[in-house]
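2 protein chains.
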Amino acid sequence: MRLNLFLFIVLCCLPQGVRSEDGSQLWLRFSKQERAGHTINIRGISPTDATITLAKEELLNYWNGVDVTLQLDRKHQRLKGGYQISQDPKGIHVVAGQAIGLLYGAYHLLRLQETGRQLPHLPIIEIPSYDIRMLNHWDNLDGTIERGYAGHSLWKWHELPQKLSPRYEEYARANASIGINATVLNNVNAAPQLLEANYLIKVKALADIFRKYGIKVYLSVNFSSPQILGGLPSSDPLNKDVQHWWRSKVKQIYRLIPDFGGFLVKANSEGQPGPQDYGRTHADGANMLADALSPHGGIVFWRAFVYQPTKDDRAKQAFQEFVPLDGTFKENVILQVKNGPIDFQPREPFNPLFGAMHKTAKMLEFQLTQEYLGFSNHLVYLAPLFKEVLDDETFAYGVGSTVAEMTGRNRRLGSKTAIAAVANIGHDTNWTGHHFAQANWYAFGRLAWGNSLSAEQIADEWIQMTFTRDREFINPVKKMMLESREAAVDYMMPMGLHHLFAFDHHYGPEPWGNIPGGRPDWMPWYYHNADRLGLGFDRTIDGSNAISQYNLPLRNIYNNKSTCPENLLLWFHHVSWNYTMKNGNTLWRELCYRYDHGVQKVREFQKVWDCMEKFIDQSRFHAVQSKLRIQVRDAIWWKDACLQYFQLFSGQPIPYELERPVHDLEELKRIKLPMGHHN
Amino acid sequence: MRLNLFLFIVLCCLPQGVRSEDGSQLWLRFSKQERAGHTINIRGISPTDATITLAKEELLNYWNGVDVTLQLDRKHQRLKGGYQISQDPKGIHVVAGQAIGLLYGAYHLLRLQETGRQLPHLPIIEIPSYDIRMLNHWDNLDGTIERGYAGHSLWKWHELPQKLSPRYEEYARANASIGINATVLNNVNAAPQLLEANYLIKVKALADIFRKYGIKVYLSVNFSSPQILGGLPSSDPLNKDVQHWWRSKVKQIYRLIPDFGGFLVKANSEGQPGPQDYGRTHADGANMLADALSPHGGIVFWRAFVYQPTKDDRAKQAFQEFVPLDGTFKENVILQVKNGPIDFQPREPFNPLFGAMHKTAKMLEFQLTQEYLGFSNHLVYLAPLFKEVLDDETFAYGVGSTVAEMTGRNRRLGSKTAIAAVANIGHDTNWTGHHFAQANWYAFGRLAWGNSLSAEQIADEWIQMTFTRDREFINPVKKMMLESREAAVDYMMPMGLHHLFAFDHHYGPEPWGNIPGGRPDWMPWYYHNADRLGLGFDRTIDGSNAISQYNLPLRNIYNNKSTCPENLLLWFHHVSWNYTMKNGNTLWRELCYRYDHGVQKVREFQKVWDCMEKFIDQSRFHAVQSKLRIQVRDAIWWKDACLQYFQLFSGQPIPYELERPVHDLEELKRIKLPMGHHN
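Top to bottom, those sequences are chains D and Y.
The numbering of the first sequence is my numbering, which starts it at 1 and goes up by one.
The numbering of the second sequence is my numbering, which starts it at 1 and goes up by one.
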């Protein structure tokens, strides 16, 4: 009782800090403006267009500067969905060839305003790097999300179409503000039911909300739908009845949703049905769907994420399967390729498919949801990972053939360009679980729009819009964000190690993991190959020869330990424990130092963050503070687990100057996290 | 399977290190000698005495030096139980006035041998500092141990007297080797049943084993025994029937055990019955038992650990209750006083009773079992704590009246001197749970024998006998041991803080602890008094005035913040958060620095220990390594809990240069350890 009285007095006297925020506003924390001092004019042929009206309203509500004229001019098709902004004594002029360009232009102005920047003297001309800038939701019809760590699905299927959550429109607005114009509503492990009439009217309800924000709806489809929904005896893509079923289904969709985007397909991958079930190729399957969609302008995104439980290196299999099909895909098929050849690991080399298949349209698939990066508990800013991949040289056409270049420009006439990312959005109030995970959604949108933006620039504007414009906050927090991905690599899987994750949940470390009788390529030992001699996967010409899938000179660079980048060394090589690294450390010592460095980095992040309390609201401050505490504990878990496990093979001590493990290996082996769908 | 094969190969190739040890041998890891090269002679009046025979056997088995003569000489009574060792060309001569002195002398020689030391030129004369050197077992008849953290009780009551575990004799030998000569077999919260005939024959069986090792058996008794066992209507100490019952009971005991030691009594304390239940004083109760024991030479240890749920400061109550009784206790009563006025906290000032009651025999009670010091999980070498108390100046007779002096010499003619410690021994193979907790048992014995020994000297010989004589091991490990108690104070309760422990289990931190309706003096807030202004218990003349119980000049030194030792500051003062410490830090900053220092120290201990792998066996190395890992995690738990809780009151940040918390306060508050009797 005495204590409670003290607490009461104390709590009343604590400084109250900045107004509490819950993160629901994302980076759109605009202040409502008094409607005076400026006008927003509209010129052009379609002043009543919903998108243009929206652009005007956003500026009327939140723009605090000079008069703005929004002008739609169909002549400016070279801008694609982009816009041009210029200023003269009469005010600011935004010109676009499409209505959506004016909305994007309006958000550009608001972004300048919120980040305190002036309009430059020369006109701004913004043309998006990719035609289709797309989120992939891995949301299931029961409300769960595969690899979703921010609550259940946004889509309330049981309420739709009658009840429309206000979050649907907030979602669309957030996407539009960063240029995202496509969304796949459902999991690539697709439930066929979504194509039934009663679900399609729900999809339509969402499409109707998204439309004025320039967002098209796409669906993941199950290749067996003709059997499951249509009652056909087969789903063989060369079967006329099957083709007819899909054509009818597509027509039905377009009747409801005239601007429907198309299908995303995961076929013959991890147990999903596909054309190979009937002796057909991926191209046969994709083309059949492409034919059905083509009359309506729809597109097929066909995923290249395939691997079989064969003896050959999993990292090689997508390439082996798809390269022979080059040139056989229809114009409206885009091959959707994960950034790396395995599966969204903390660090992978780029997928060699980006440097091959020159007669096939290809697109990048990134992952925003942190399946392998600490879920929504770890602060890991992904723009540096995205940039690393985009800027990687494939050498397909000599220097300059970066992954960005290979996916960002049409090398096949008529094909659209696209880029996708698996969404990290859920029902949580702050959308993404971790407040800083919003930055990954933001960064993906910004890079999809302009892939030459830097990770630093994006972080800078995101911090300003999301938190504060105080430089004493921005600079240290930005530095922390920019270092965060490398820190995660260090405390999880440095130097090219990969897939040391616990079976199924992919959160904690299980380098010892082994499910008797399980698929070898789902086991950590398949990847790390630790033995008495050393560590790593030999993918050289003497090993699995995965390096051969890279163009010259890359295959030689990777094939040679002394030229292979050290941050990919154990991806491509089985390296002896006493191998000398460039800094003079042995492999074993360097491994220890890297893990330790990861832990110390996250401790540094904590120090950085704790100093930021005075700049922002208590609610978000404490939420991030808590998450960083989890991250430190997890980093130590990772370090202790991996070093002590690999030590069984190296037989060498952890350098005694390093902070010592605090967990026993046997104790860590007993950890079994109860995580299925992680909702 | 591939993994398992690797593991098999690897494990076969790991260095095997030194022979594995389980700690069961304690510090008695003597090597059996070939019976050649020397003789052991016995001289004196009682060569067939079992104790002397034992001394001879120990030397025959393990002594590796010149000839030894053991000589019993009753003239040497000034040596008490001690001995004299000298050397001449014919060999070594051990002389004692009592048989047990020869056994102690034999162990002295073996200790010299095992620590590689030479016999000095001058004779060694060893006279014990205390007549009675006693362990208190808090063992219950059901095999549990109150505050026992090393397994169940050694005493298998259900097997006795038929079955005699070999551990009984091992226990006696270990005690004899360090001079312990008394053991109270059962918990001070005493079950009356132990005084029943069927239990007394079990006690006799143990006493018969212990006898030749010079160890007397004592029992804790329940003051209500006359009612419970004898069926009397009262246990009033002035009641003739009660007195008679006790006299008969004592006679019965002495018939079975002629050298029975006496009784230990916890009366009118924490719910135990006692003379006050009948309006009598502690002296009435103690004297009644003393009268019963006196004809047989038995002794009453009467505990001064009493406090009532009154409004007055708990720290004052034992003093208030016992001082008025000074001079009224019989000659064979010794008041057993815990080292501090509260209860075995990581640091307390000495109990002011040691500086008072000059007409009463008093003895120290230490605690080896780490009730408040991390159980058997934390490495905390207690000799520095014991020395700190022994060397504390009470100023009872000016400078030099240390606690050691006030308890180590008879100020009352005829009374024996004694010292006790609550045992940390259990059924675990290594006796004490933590291998290093053996050192506390050892150190208590050595200090009870010679209270001028230094903590360092004791650690040095213990390490050599227990682990190795390699200086590269001894020096760093000794340093770690010597720093360990201060580290524990720092990460648990620095600067005089006390009793921030979780309710009941006393392992983890609960500074927020509050059981509605519970005794205030069992609640942490009663002790820390954190509020907006500051922290600590005001025991000055303006507060509870507990300082008045200390002699001049101590009461003035403690009463004044600027002269009060800073390591007791918050014990005696409520100090403002911004009070300037001697190093210039504010109280709040210093508190943060101290907690952090505690954590960093334990991390250092890990580094020290991990470097020691090559010197000792893998089994003990890994066991200690694991315990240190727990200790680091616990230290962080303590630091995070206490700093974040007190921060609610100080309203100040943890200095940003310090390592940040990794736990949220709310998460820590939810921890409820399932610990009752901790067996």
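Since the hints were made in silico from the structure, they are not lab data.
Even for Gly, the Cβ is constructed at its ideal location relative to N, Cα and C.
A couple of the hints might just be wrong.
As the list claims (entries may be wrong) - Cβ pair distances, simulated, as ranges:
1. D:Tyr656 x Y:Arg409: 45 to 53 Å
2. Y:Ser31 x D:Lys607: 48 to 56 Å
3. Y:Ser31 x D:Tyr656: 28 to 36 Å
4. Y:Phe503 x D:Glu169: 48 to 56 Å
5. Y:Ser626 x D:Arg29: 43 to 51 Å
6. Y:Glu331 x D:Tyr656: 42 to 50 Å
7. D:Lys607 x Y:Asn556: 51 to 59 Å
8. Y:Thr429 x D:Arg519: 40 to 48 Å
9. D:Gln33 x Y:Gly518: 55 to 63 Å
10. D:Leu673 x Y:Arg471: 42 to 50 Å
11. Y:Gln193 x D:Gly517: 54 to 62 Å
Okay, the hints, checked on the actual structure:
Taking the beta carbon of each, Tyr656 of chain D and Arg409 of chain Y are about 48 Å apart, inside 45 to 53 Å as hinted. Here the CB-CB span from Ser31 of chain Y to Lys607 of chain D is close to 53 Å, well matched to the stated 48 to 56 Å. Hint check: Ser31 of chain Y to Tyr656 of chain D, Cβ distance near 31 Å, so the stated range 28 to 36 Å holds. Judged by the Cβ atoms, the range 48 to 56 Å given for Phe503 of chain Y and Glu169 of chain D holds: they are separated by roughly 52 Å.
With their beta carbons about 49 Å apart, Ser626 of chain Y and Arg29 of chain D fall inside the hinted range of 43 to 51 Å. The given range of 42 to 50 Å is broken by Glu331 of chain Y and Tyr656 of chain D, whose C-beta atoms sit roughly 59 Å from each other. The hint said 51 to 59 Å for the Cβ distance between Lys607 of chain D and Asn556 of chain Y, and at roughly 43 Å that hint is violated. Range check, Thr429 of chain Y to Arg519 of chain D: Cβ separation about 43 Å, and the 40 to 48 Å hint holds.
Between Gln33 of chain D and Gly518 of chain Y, the C-beta spacing of about 58 Å keeps the proposed range 55 to 63 Å intact. Restraint check, Leu673 of chain D to Arg471 of chain Y: a C-beta distance of roughly 46 Å satisfies the suggested window 42 to 50 Å. Gln193 of chain Y and Gly517 of chain D have their C-beta atoms about 58 Å apart, which keeps the hinted 54 to 62 Å range intact.
The structure does not agree with the numbered hints 6, 7 stated previously, though it agrees with the rest.
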